[in-house]
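Trainee: Residues per chain are reported as follows:
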Amino acid sequence: MNGRMLNLCGLALVGVVGLAFMILVPRLFELDVVLELTVYMIMAILALSLALIWGYGGILCFGQSAFFGLGAYAYAIAMFNIGESTIPLLLAIILPAAFAALLGYFMFYGRISDVYLGVITLTVTLILFNSINSTAGPEFHIGTARLGGFNGIPGIPPLNLPGNKGTPIDLEGMFYLATASLLVTYFGLRLLLASRFGRIIVGIRENERRAELLGYDPRAYKLATFTIGGALAGFAGCLFANWGNFVSPTIFGLSQSAQIIIWVIVGGRGTLIGPIVGCIGIQWLNTALGANQPSGGSDWWVKIFANAPLILGIILIAFVLLVPKGLVPTLGDLGLWLLQSRGKRSRLEPKQAEES
Amino acid sequence: MAAPLLETRDLSMHFGGVRAVRHVNFTLAEGELRCLIGPNGAGKSTFFKMLTGQLQPTHGHVLFRGKDISFAHAHEIARLGIGIKTQVPNVFDGLTVRENIWLSASRIHSGEALKRVVDEMLERIGLGPLAERLVGQLAHGQRQWVELGLVLSTDPELILLDEPAAGMTHEEVLKTAELVREINRTKALIVVEHDMQFIRMIARQVTVFNQGSVLVEDSVESIMRNPQVRDIYLGKQAAA
Chain A
0 MNGRMLNLCG
10 LALVGVVGLA
20 FMILVPRLFE
30 LDVVLELTVY
40 MIMAILALSL
50 ALIWGYGGIL
60 CFGQSAFFGL
70 GAYAYAIAMF
80 NIGESTIPLL
90 LAIILPAAFA
100 ALLGYFMFYG
110 RISDVYLGVI
120 TLTVTLILFN
130 SINSTAGPEF
140 HIGTARLGGF
150 NGIPGIPPLN
160 LPGNKGTPID
170 LEGMFYLATA
180 SLLVTYFGLR
190 LLLASRFGRI
200 IVGIRENERR
210 AELLGYDPRA
220 YKLATFTIGG
230 ALAGFAGCLF
240 ANWGNFVSPT
250 IFGLSQSAQI
260 IIWVIVGGRG
270 TLIGPIVGCI
280 GIQWLNTALG
290 ANQPSGGSDW
300 WVKIFANAPL
310 ILGIILIAFV
320 LLVPKGLVPT
330 LGDLGLWLLQ
340 SRGKRSRLEP
350 KQAEES
Chain B
0 MAAPLLETRD
10 LSMHFGGVRA
20 VRHVNFTLAE
30 GELRCLIGPN
40 GAGKSTFFKM
50 LTGQLQPTHG
60 HVLFRGKDIS
70 FAHAHEIARL
80 GIGIKTQVPN
90 VFDGLTVREN
100 IWLSASRIHS
110 GEALKRVVDE
120 MLERIGLGPL
130 AERLVGQLAH
140 GQRQWVELGL
150 VLSTDPELIL
160 LDEPAAGMTH
170 EEVLKTAELV
180 REINRTKALI
190 VVEHDMQFIR
200 MIARQVTVFN
210 QGSVLVEDSV
220 ESIMRNPQVR
230 DIYLGKQAAA
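One line per chain: the protein sequences are A and B, in this order.
0 is the number of the first residue of the first sequence in numbering that gives the first Met the number 0; add one for each residue after it.
0 is the number of the first residue of the second sequence in numbering that gives the first Met the number 0; add one for each residue after it.
Take these hints with a grain of salt, some might be off.
DEER-style ranges, computed between Cβ atoms [claimed, not checked]:
(1) A:330 with B:154: 37 to 43 Å
(2) A:334 with B:40: 49 to 55 Å
(3) B:16 with A:338: 56 to 62 Å
(4) B:154 with A:166: 55 to 61 Å
(5) B:64 with A:312: 55 to 61 Å
(6) A:309 with B:93: 31 to 37 Å
(7) B:127 with A:10: 25 to 31 Å
(8) B:110 with A:161: 33 to 39 Å
(9) A:29 with B:115: 55 to 61 Å
(10) B:64 with A:254: 53 to 59 Å
(11) A:114 with B:57: 24 to 30 Å
(12) A:334 with B:65: 56 to 62 Å
If you are wondering where the hints come from, they were derived from the structure by calculation, not from laboratory data.
Bear in mind that the values here come from a model prediction, so they are computed numbers and not experimental data.
No residue lacks a Cβ here, since even glycine has one placed at the ideal position from N, Cα and C.
Let the hints inform the model, and build the full structure from the sequences given.
Mentor: This is the structure:
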């Protein structure tokens, strides 16, 4: 009962904070901050997609960026060909989901072990990176959309209200859309994980053989989880292509794939709020360290500390060694410990009073 | 006579050059309780793994109610009605006792019935007060009970128990024997055990495995008197 109450309180807190964030940010901050926060929200959806399949499904996917990138490219290409965003948006979800289902079918039904699963998914995203990267020539086009190779696809038309081509969503609208999508994704995943399906996939993560001997087919459950994760990552990719009106092959690259994993490790596997916190925190750090600023002119130590990959690497190592469960689960343990020790003390105190 | 519940024909399992199980012909009637004994490495666990689809036999067949399940998947066999409690407690350590039982029972129940069945099972395995504890934090014997609860919750027709009394206190052993007899009122069982006292409490028929094949199959009393069995198995234990 107590656990359930705590759970409900947590949900309500996330809802209130999320809504307040969504309403207040555009009113309090300049557009550049709103834009920056929009991309954090989009990446947080991507983080949630891995939180589901790795944190809860136990599937270590090193190539979540493959589905993210496919979503972005599918949206861009379909948008240039169609011009109205409803179908491109759907394609950006369906195509990565179908790709995840196909890839997942071979991996899970082929009984590929965990380590190789990581290697295969990473390889897939790098293959996509290389393939798209080498499509710079004008002969590479799908319909009227040129793939652009390493130059990427610029000038992607933004989403519009469903069925209404004339009303594109503006920058502030994108912030609302991204934040609302993140909240819906979060609560949707909470529902999914509380359902029978969610509890079974956690059981399979805990002990696959046992689940199998009870009559559950782990392959089917993993495939479904992986496909849902692919769909979510694709959706995030679609939003990302909208955010910058631009997509390039680096979206499939190694650093993008690694980032997603780092968000989940730092935030904490087996939670949903953790990867969101990890994702936003690390991106903020990335910006603060000036990863996107031109270097030069400053002292040597500024250059070293402004080296975002180096700092990120140190953070990752620190977390793996010192906080292996991740930020949120560790804070949760700490809170529980404090609560319990306080409970013990308050139970002790009357006794001491009696004795004296 | 009615068709047997379980039958193996010429069942063999080779790992490379090692012949772990050789040409085993085994039958179990509906509702029967059979004990399997034999020294370590006799092939009992491998035999169980083939019956439950965890290993696929090199030769031969397994028939459950006349249906060939030699190459069926583990989850399909579980759904046909064979449940197994493995030697090392095979449970969901990261989940609570209640969640463990829930996961198992939810394959065949839902809604209110599911809640009731879970509560009843917690009561039956005597872990009601520990329902919200993580299984990984329980004692070895209690985890054995959790696994028994998992197996019983899917309501199988045939239950395989691999050393159910191992690592249990004397009291727990008595309780387990009682539970096994109770289960046997409605279900068939095959029990692998080393503890002869435990076997005498539960079984009539005993099958002795040695070096991958069936050495002898007889009543408990005759097995205890059989000099060959004493040699390979009981003798060693007595000497130890």
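Trainee: Could you tell me which of the numbered hints above are not met by this structure, giving the numbers in increasing order?
Mentor: none
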